[in-house]
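The opening residue of the sequence shown carries number 1 in our numbering; numbering runs sequentially from there.
Incorrect hints may appear among the rest.
For each label pair, taking beta carbons as the anchor points, the in silico distance ranges come out as [as the list claims (entries may be wrong)]: (1) PRO12 to THR55: 13 to 23 Å; (2) ALA63 to ALA4: 14 to 24 Å; (3) PRO15 to LYS73: 25 to 35 Å; (4) HIS18 to LEU90: 25 to 35 Å; (5) GLY67 to LEU31: 29 to 39 Å; (6) VAL7 to THR40: 15 to 25 Å; (7) ALA63 to GLU43: 30 to 40 Å; (8) PRO28 to ASN74: 31 to 41 Å; (9) LYS17 to VAL88: 34 to 44 Å; (10) GLU48 to PRO28: 26 to 36 Å; (11) ASP2 to GLU43: 31 to 41 Å.
If you're looking for bench data, these hints aren't it; they were derived computationally from the structure.
Glycine included, C-beta positions come from ideal geometry on N, C-alpha and C.
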Amino acid sequence: LDVAGLVCVCYPLHPPKHPEKLRSEHLPRILAPTLFVSGTRDEFGTVEELTMAITPMKNKTYAWIDGARHDLKNRDAEVGEIIADWVVAL
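Given only the sequences and the hints, what does the whole structure look like? Please build it.
Have a look at this one:
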């Protein structure tokens with residue numbers, strides 16, 4: 001499958017309060033350019049946890065929505081702008 005890019009909005013790295021149950025072993029196998037957009041208060045993965053999980057990926061970009069939780073409530077315009085800018089830059 002030829003994929004130009006992959007966008008992960010609030011990737012659920014682990015269940016809330018269970019950081020030991022990581023869902024990340026497949027991430028290094030993703031070869032397409034990948035954008036991760038998450039809130040800095042996301043209960044499914046902290047900034048530090050997600051940054052560490054995606055470090056082995058070859059072609060990744062991440063954007064943090066300051067103060068946002070997993071639902072990114074009231075931040076749709078900001079998320080949309082981040083994604084649009086990233087897609088244009090591909």
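Hint-by-hint comparison with the structure:
Taking 13 to 23 Å as the suggested C-beta distance range, the pair PRO12 and THR55 conforms, at roughly 18 Å. For the pair ALA63 and ALA4, the supplied restraint of 14 to 24 Å holds, since their beta-carbon distance comes to about 18 Å. The beta-carbon spacing between PRO15 and LYS73, approximately 20 Å, falls outside the hinted interval of 25 to 35 Å. Distance hint for HIS18 and LEU90: a CB-CB separation of about 34 Å, consistent with the stated range 25 to 35 Å.
GLY67 and LEU31 have their C-beta atoms about 33 Å apart, which keeps the hinted 29 to 39 Å range intact. In this structure the supplied range 15 to 25 Å holds for VAL7 paired with THR40, their Cβ-Cβ distance being about 18 Å. At roughly 18 Å, the beta carbons of ALA63 and GLU43 sit outside the given window of 30 to 40 Å. Range check, PRO28 to ASN74: about 33 Å between beta-carbon atoms, so the 31 to 41 Å window is met.
Take LYS17 and VAL88: their Cβ atoms lie about 37 Å apart, and the range 34 to 44 Å holds. Distance hint check: the CB atoms of GLU48 and PRO28 are about 18 Å apart, inconsistent with the given range 26 to 36 Å. Between ASP2 and GLU43 the C-beta distance comes to about 35 Å, which sits within the given range of 31 to 41 Å.
In this structure, the hints that do not hold are numbers 3, 7 and 10, in rising order.
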